[in-house]
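> Listed below are the residues making up each chain.
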Amino acid sequence: MKTRKKEPPHKKKSKLGLPPGSLVFTGKQKLEDPFVTVSQYNVEEYRTTPFQKDLPAVDPQYVTWIDVRGIHDSELIEKIGRTYNIHPLVLEDIMDVQQRPKYEEYESGFYITLRNYKYDGELRTIIPEQISIYAGRNFVFSFQEDQEELFAEVITRLDLGRGKLRARPADYLVYALLDRIVDGYFLVLDQIGETIEELEEEILTDVTRQTKGKIHDLKRELLTLRRSLSSLREAMSLFIKSDSEFVDDNTGIFLRDLYDHCMQAFDILETSRDNLTSLQDLYISELGFKSNAVMQVLTVVATIFIPLTFLVGVYGMNFDYFPELHYRYSYFVLWVLMIIVALIMLRYFQRKKWL
Amino acid sequence: MKTRKKEPPHKKKSKLGLPPGSLVFTGKQKLEDPFVTVSQYNVEEYRTTPFQKDLPAVDPQYVTWIDVRGIHDSELIEKIGRTYNIHPLVLEDIMDVQQRPKYEEYESGFYITLRNYKYDGELRTIIPEQISIYAGRNFVFSFQEDQEELFAEVITRLDLGRGKLRARPADYLVYALLDRIVDGYFLVLDQIGETIEELEEEILTDVTRQTKGKIHDLKRELLTLRRSLSSLREAMSLFIKSDSEFVDDNTGIFLRDLYDHCMQAFDILETSRDNLTSLQDLYISELGFKSNAVMQVLTVVATIFIPLTFLVGVYGMNFDYFPELHYRYSYFVLWVLMIIVALIMLRYFQRKKWL
Amino acid sequence: MKTRKKEPPHKKKSKLGLPPGSLVFTGKQKLEDPFVTVSQYNVEEYRTTPFQKDLPAVDPQYVTWIDVRGIHDSELIEKIGRTYNIHPLVLEDIMDVQQRPKYEEYESGFYITLRNYKYDGELRTIIPEQISIYAGRNFVFSFQEDQEELFAEVITRLDLGRGKLRARPADYLVYALLDRIVDGYFLVLDQIGETIEELEEEILTDVTRQTKGKIHDLKRELLTLRRSLSSLREAMSLFIKSDSEFVDDNTGIFLRDLYDHCMQAFDILETSRDNLTSLQDLYISELGFKSNAVMQVLTVVATIFIPLTFLVGVYGMNFDYFPELHYRYSYFVLWVLMIIVALIMLRYFQRKKWL
Amino acid sequence: MKTRKKEPPHKKKSKLGLPPGSLVFTGKQKLEDPFVTVSQYNVEEYRTTPFQKDLPAVDPQYVTWIDVRGIHDSELIEKIGRTYNIHPLVLEDIMDVQQRPKYEEYESGFYITLRNYKYDGELRTIIPEQISIYAGRNFVFSFQEDQEELFAEVITRLDLGRGKLRARPADYLVYALLDRIVDGYFLVLDQIGETIEELEEEILTDVTRQTKGKIHDLKRELLTLRRSLSSLREAMSLFIKSDSEFVDDNTGIFLRDLYDHCMQAFDILETSRDNLTSLQDLYISELGFKSNAVMQVLTVVATIFIPLTFLVGVYGMNFDYFPELHYRYSYFVLWVLMIIVALIMLRYFQRKKWL
Amino acid sequence: MKTRKKEPPHKKKSKLGLPPGSLVFTGKQKLEDPFVTVSQYNVEEYRTTPFQKDLPAVDPQYVTWIDVRGIHDSELIEKIGRTYNIHPLVLEDIMDVQQRPKYEEYESGFYITLRNYKYDGELRTIIPEQISIYAGRNFVFSFQEDQEELFAEVITRLDLGRGKLRARPADYLVYALLDRIVDGYFLVLDQIGETIEELEEEILTDVTRQTKGKIHDLKRELLTLRRSLSSLREAMSLFIKSDSEFVDDNTGIFLRDLYDHCMQAFDILETSRDNLTSLQDLYISELGFKSNAVMQVLTVVATIFIPLTFLVGVYGMNFDYFPELHYRYSYFVLWVLMIIVALIMLRYFQRKKWL
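Residue numbers (my numbering), protein chains in the order written: chain A, 1 to 355; chain B, 1 to 355; chain C, 1 to 355; chain D, 1 to 355; chain E, 1 to 355.
Okay, chain A solo, but in the shape it has when bound (with noise of 0.2 Å):
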């Protein structure tokens, strides 16, 4: 089992006294240089461009999709604010990854903030990502904090003209995207339904101190990831209620689909939960079980040989007058004294279950 090397949680770093709008990155730098992928495509044509110095216009003729991986260059999130005239406060949100999951709407477009989860089941961990979405009429950006190719389906599906991505406006973009990370919850909340069920095993067959310390973490994460969860249900359910001029009324009800496994997600993480309760009962319980063990055993035990101790002890005085001692068959007796009254206690000790 490896160490977790323990991070404090919410270390925000410090903004105090910065005018709003200040673009402060709040996280951790995980790769060197941002990557940003241009796409652009329409019913007929998929294009990708290599980003290079200057931004494309947007292009009324295709949906242009500006894909973002690394958020840490306040110069080029500035960039790309100024360039589409993105509101300053969302420019500052994308660069704050300790934002809650939620849906804004502004006047060129809409925010959508959220998360993208993995799960380290060796150290028990769920490790966030968090993903920014901005769209408005044919454009959709889309921010992620790490190098991984998190969205490659949507670009082969984009790439083959699979589905109908390439024949529907923005928000379906935005919608594909959003449907690929909450694919991934249930990915997440299987692994850690798995790590539950080994936890029960091990609680059930060889309780350790670890034990207990596991749970806890466990625990923890999907206190963390409750939260986000329930963020995001709230603020899909602002996306689907949403009267923009940007969200086509045929997405509609693609998003209630998401929307439902989002509640579906919350569901089993729910259930997850309950079940790590129930399992840290059974743990305790384990605990009483042993612990009644152990005592069983000390119990039998002192109690079988404390009056025999007492009985040897008896006839090891040495008082003058003892007639005892002097009998032929007193040695053997006391053997047979001894004997049953250890028998009549181990029935006793067996009536009451404790053997």
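Derived from the structure by calculation, the hints contain no laboratory data.
Some hints here could point you the wrong way.
Any copy, or any two copies together, can satisfy a pair, since identical chains are not distinguished.
Straight line, CA to CA, 25 Å or less: simulated PhoX-like cross-link-like pairs of lysine-lysine [stated by the list, open to error]:
(1) K241 <-> K164
(2) K79 <-> K30
(3) K79 <-> K102
(4) K353 <-> K214
(5) K102 <-> K241
(6) K352 <-> K290
(7) K28 <-> K79
(8) K290 <-> K353
(9) K164 <-> K79
(10) K214 <-> K352
(11) K214 <-> K290
Since we're looking at a predicted model, the values are computed, not measured.
Place chains B, C, D and E on chain A using the hints.
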């Protein structure tokens, strides 16, 4: 007691990266070939045709009910979808057995999914089966996971023309199917109630290490059941309030009754859960009592004999100058003394109710 | 203490597969033949006719009140239903004693079902009886499970013309009946309060193994009562807000008062439940205290005598070269030493408040 | 510590079967004769008349305030009701001291009932007194259970013409009375806070068996207080939102302030309750710690001396062939050995922090 | 570890019987003389004047900001109230440091009260300071309890003309002040998070009796913080929804952002509380583990040596006829036997994992 083969509870087959609406069966195939029954009826007649290659058209003279048992065959599901113009998301949901109960309206009809339950008392396991119902003008589709003839009684009523089933529109058939499923919940809850009674008996007479595990198992099952019933309640509430053109006003009063039954089942479930929680407390306090009892026995025996053993130890010493050893009645007096000490202690323990 | 014959608490007779509206009595028959009283009154007179074969027509000059005790006879219920045109679902509910309290409106009247309670202090059991009331223009039906003359005082008030009962329409009679039942709740809650006091006394003076079982029993009963009162509160709230033509505006203020009483009963119930929970904690901590007390006795005795026993053991050894054995005052000195050791220890334990 | 004479907490005198509106005093009579003070004031003058047989008419030139202390005299209450045309249900509520705090509007005025509290720190008991206020155009009635001059300061303010009390309409007097009562809550909560501090001190220094009982008592009191405050909050909220003709718009802002005070009191109460719960946990863990400490003493003593006793027992055996007994330094060597064993064990326990 | 001087937490100076609007300072005076700063600014200039006898009139050309540090001087507060026509209830609230955070609107402006927090990690205490802000057309008053220059950064921004602060109306200054305070919450929550980490470390390595007290202390602090944040959230929500003429539409988006920060702080707080609760469970189970460990040591030692002691006792008896004593190898055989018994037991305990 059979041992339970545990399966990871929320195993969701990976649909990561598939476009939405992809038909993937997420459950465990329970029968070889799907089994399709086509029934058509109106107030005058009822006919059932075994399913052959072609799906019958919806005949406005009749209510057409197509009951599909076995939902692992994505081709069949897709064919049904194509033939009767069902939204792809509905088809996806039908095949995804991890759905939460829900009610949704579409252009051509409405969709309800819920679960049927059986209870295996020996393993204290609730066995769920997902049921999906899609209904519209003059037609009802029902999808079950396994082969069991769940709706046999409904078919009998249709066949014999009992009740008003044949005289009413398609939504009343939906009501009849739901009523059959919800009635089944009470049976399951009854059986669970009996298991709880047995557990209470077990705790009060003979707690074993397994007892806690059993409570834990049952609690987990009730938890799952609760989430499902809770969603169902919501879904039913939406169904009742529906102003869909496919839901007849006259059916409303029956749906309200059905909703009441759901509430009632939910109440019983909650009571069962609370009883289970109370049982756990009882269990913990039984452990505490047992532990106290063990310790009392140890304390009584040790407290009586340890001082006596000390006393006899005293007279076992080998000092040269040891006056008591030489008196005539020392031994006898010592016995009297020891018996008095023991009696006083016994009296003390009796007053403390430790005996 | 009488032993309680436990019955499965939620035994619902199987109605699986019956068409809705089927009349099945789901309770335990409590009297031989149903007992029907027909009363008719207006501001001027009150007459009561024993029930004979034919049910009287509703006479617009009078308020007709038909009180049925014993609801197991489905023929009678059906006949009443047919004669006065009551919806089949109401009839089904009247005979199903597992109903949650509810209020429903129909074309010809409104339907209220709730429970009357008695408390058996010896067994700590609440005995429920389902009461159904169906009322409309100029008529009231009341259905009770058993023979007890629950509404005797109401009849007396009608007979003597006391209060304004006779001067008001049928809905005021409904109010009077409900008022009688709700007043009975306070009696039951009072008696439960007394049982709780007794249990507290018992815990503080003489905890036994049964105590926990008693708390568990009472908790379960309160749980059931709570669910029932909670539904009743909801039902009453619907009743108050009703704009049914059968509920007079002048009755509204009385219903609000009745609703207040329900709330008050609910409050007392909640307080009782919290008290019971607090009692459980008290119980657990009493166990802990007792366990500590036992262990302290053991520890004190063992800790004093084990070292002394060691000491006397030392001088019981048979070494050839053992100087102390031969000194004149060895034995005496040893006693002094042992008494000093014992006193020091006693002092130590006293300082620790273990004595 | 005085012993508390416990009374059944929710003793409601039986009103079973009485028609609604019957005047029955449900409390314990606290003074011989009711004490009625009649005050009349306007911006210019204030006069108070001792109550004689006849109740004064309401004079539109003045605000008339009738303060009744002692509410057990149903004749008096009935007379007041008749004279000033108060609804019978209000009169019934005034005499029923088990009322939940509430606000109700009637044709001729509005009715508020709430509780005044005193705290007996020695018995950890909250002593409630029901206050009822009925007010309308130019008149205010207040009803108190006992003789205490609760509203002395209000009278002084009226008398001296301090503040704006005399210049405002009747509803402002109601506000002043309520303000007086709610201010008293903070005093009670302060005193309870002190008791909690004392209990915490007691737990951390010297837990006794009584401690738990005290926590239990206080918890029960807070529970009752909480329910009452919770209802009051609701009632105040209704009062604020009232559009009754008897509530002046200018009073609204003061009522909002009063509502804030209620909320504040409620908050403090909740904090007290949570503190108490946390105290209970502290108590339980203190017990656990104490239990561990006791066991550690036992274990240390027993573990050191039991092996040594075994050793000396060995050399107390009487075998004919027992070489060690005859060596010159056996006895000395044995002592050295035993001391080494004891030291090793002490070291071990020290490392385990059991010493 | 410093010892904490506890003060009764909710000491509210008695205002019993005072007319509402009476100015009574309910806190502890933290500085000698109040310290008043008057700033005036518009987009072009910023000037600050030290406070002299006379309060400046509000100049429509400027935003006037009067910052008062030290609120114990009721004369000053009253003077400010008179000069700028502030409602007496607001003045009363400013001086009452026990206020719950709230937002209220008056004719001439709006009033917000909330708390600023500092955290003393050594004592695990949160030190609150009440901040009141009253603002209207072109003016802002802020009231702080102590001398600390809480708003230094805001003054710098005003002075240097950084950000858009000077270009915006008075309500934006209010936003800037609130933003400063809320940002401070994250700092406090971070520090608390670190304390929790330390406590977890302490529990897992070296539980002491103090640990529980520390958790208890921190829990109480978080409780108080939680109530305050919860009220603040409510207040902020009212502020956002305000349609007061003094709140500019353009400020709305910033307030929403501020509200988000509140929510975020609240989330972190909740997570901390849950972590603390989980820590308590960890603590209890550590105690249980320790208790088991102690008992296992006792049991192992006692169970091995008690039977052996019995055996050696047997051969210490003084019977005349005691054959074994006379055999040549008895002593040697006994040792072998005892070692075998001991080894078997050790093996047994090893299999049970007690060693």
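> First find the shortest C-alpha distance between K241 and K164 inside one copy, then the shortest across copies, and answer within, between, both or neither for a cut-off of 25 Å.
within (23 Å within a copy, 34 Å between copies)
> Have a look at K102 and K241 and pick one of within, between, both or neither, based on CA distance no larger than 25 Å.
both (14 Å within a copy, 18 Å between copies)
> Within a copy, between copies, both or neither: where do K164 and K79 come within 25 Å Cα-Cα?
Classified as between; 20 Å across copies, 32 Å inside a copy.
> When no copy is named, should K79 and K102 be tagged within, between, both, or neither for a Cα gap of at most 25 Å?
Result: close within a single copy only, 23 Å intra versus 40 Å inter.
> Since the copies are identical, ignore which copy is meant and state whether K28 and K79 lie within 25 Å (CA to CA) inside a copy, between copies, both or neither.
Result: close within a single copy only, 21 Å intra versus 51 Å inter.
> State whether the alpha carbon distance between K290 and K353 is at most 25 Å within one copy, between copies, both, or neither.
This pair counts as both: shortest intra-copy Cα distance 15 Å, inter-copy 11 Å.
> Using 25 Å as the alpha-carbon threshold, which applies to K214 and K352: within, between, both, or neither?
between (36 Å within a copy, 22 Å between copies)
> Within a copy, between copies, both or neither: where do K352 and K290 come within 25 Å Cα-Cα?
Both: 17 Å inside a chain and 10 Å across chains, each within 25 Å.
> State whether the alpha carbon distance between K79 and K30 is at most 25 Å within one copy, between copies, both, or neither.
within (21 Å within a copy, 48 Å between copies)
> Measure nothing new, just compare the shortest in-copy and cross-copy C-alpha distances for K353 and K214 to 25 Å and report within, between, both or neither.
between (33 Å within a copy, 20 Å between copies)
> At 25 Å max between alpha carbons, let me know whether K214 reaches K290 within a copy, between copies, both or neither.
Cα proximity of K214 and K290: in one copy and across copies (19 Å, 18 Å).
No hint from the list above goes unmet by this structure.
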